[in-house]
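*Asks:* The chain contents come next:
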Amino acid sequence: MNILAYVFYFFITYIITVRTGLVFYRNGKIYIMAVLKGDAQLTDFINKMLLTGYYLINLGYAATVIRFWKSIESFSALLSSVGVMTGRIMLTLAVIHFFNMAVIYFISRRNNHLINHTT
Amino acid sequence: MKTSLNFTAYLIYLPVVLVLTWYVAHTLFKNSKVFMMDIFNGRSDIAISTNKLFETGFYLLNLGFALTIMEVAAEITNGRSMLEILSLKIGGFSIYLGIMLFFNLYLFFRGKRVARQKARLAEAVKVIGG
Chain A
0 MNILAYVFYF FITYIITVRT GLVFYRNGKI YIMAVLKGDA QLTDFINKML
50 LTGYYLINLG YAATVIRFWK SIESFSALLS SVGVMTGRIM LTLAVIHFFN
100 MAVIYFISRR NNHLINHTT
Chain B
0 MKTSLNFTAY LIYLPVVLVL TWYVAHTLFK NSKVFMMDIF NGRSDIAIST
50 NKLFETGFYL LNLGFALTIM EVAAEITNGR SMLEILSLKI GGFSIYLGIM
100 LFFNLYLFFR GKRVARQKAR LAEAVKVIGG
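Chains as they are written, first to last, in numbering that gives the first Met the number 0: chain A, 0 to 118; chain B, 0 to 129.
Keep in mind that the hints were calculated from the coordinates and are not lab data.
Cut-off 30 Å, straight-line C-alpha distance, at most; resulting in silico cross-link-like pairs (DSS-like, lysine-lysine):
| # | chain 1 | residue 1 | chain 2 | residue 2 |
| --- | --- | --- | --- | --- |
| 1 | B | Lys-88 | A | Lys-69 |
| 2 | A | Lys-28 | A | Lys-47 |
| 3 | B | Lys-29 | A | Lys-36 |
| 4 | A | Lys-36 | B | Lys-111 |
| 5 | B | Lys-111 | A | Lys-28 |
| 6 | B | Lys-117 | A | Lys-36 |
| 7 | A | Lys-47 | B | Lys-51 |
| 8 | B | Lys-125 | A | Lys-36 |
| 9 | A | Lys-47 | B | Lys-29 |
| 10 | B | Lys-117 | A | Lys-28 |
| 11 | A | Lys-47 | B | Lys-32 |
| 12 | B | Lys-32 | A | Lys-28 |
| 13 | A | Lys-28 | B | Lys-29 |
| 14 | A | Lys-36 | B | Lys-51 |
Negatives, chain A to chain B, calculated, CB over 12 Å:
| # | residue |
| --- | --- |
| 15 | Ile-2 |
| 16 | Phe-9 |
| 17 | Thr-51 |
Which bits of chain A does chain B cover? Going by a derived footprint, with three or more residues having C-beta under 8 Å, they are:
| # | region |
| --- | --- |
| 18 | 16-25 |
| 19 | 29-36 |
| 20 | 72-86 |
| 21 | 95-105 |
All residues carry an ideal CB built from backbone N, CA and C; glycine is no exception.
Generate the whole structure from the sequences, applying the supplied hints.
*Replies:* Right, here's the structure in full:
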């Protein structure tokens, strides 16, 4: 049963991580661009670094917790453990995401450009 | 071996939670575009991007929380205890979701206020500077 759980788990985690990563990548570009006053090269660089770091942390974490998985005897245990593990991954993703947004926001506030652009 | 109702409980819990989260996030972020437009002075590309970023984060956070608390450790043996456990879980999650909703609304109103203050400040600076 554990192998079945791992297959489900990796499938779900992979889909969530990659899809949300792409959403963040596409929408984050404009956001960072506004902060950096239209410096396209630096924006691309930061955006790619953020995406790579995000993938590395998440997939690495996902692979690491496999080691500590309880052994599974029934379908209900399978469902619950896959659910709980996926939930933790999603929480981690959310925390990283909001942290990144907060950092970018504070940089922008220092530059005072993102909101106040009335010139 | 007695049949356990845990699996049934999960099968009820998951769709309810998914639909609840989807409904709240959909309603919130459909209407928040107006706030975002105000916050970013009508620059729609940044407003829509930021809205999307917040929406994805909201989904991740809430679904992650819902999945994290889904496990029922005890064996559920009869229908009554299943209903009680489910109502506790779903009710608790709804309260959490409501708090998150109001927190988001607070952020939007605050952002709007800050943006208006900054706009006024810039106006004043322009007037003083001639």
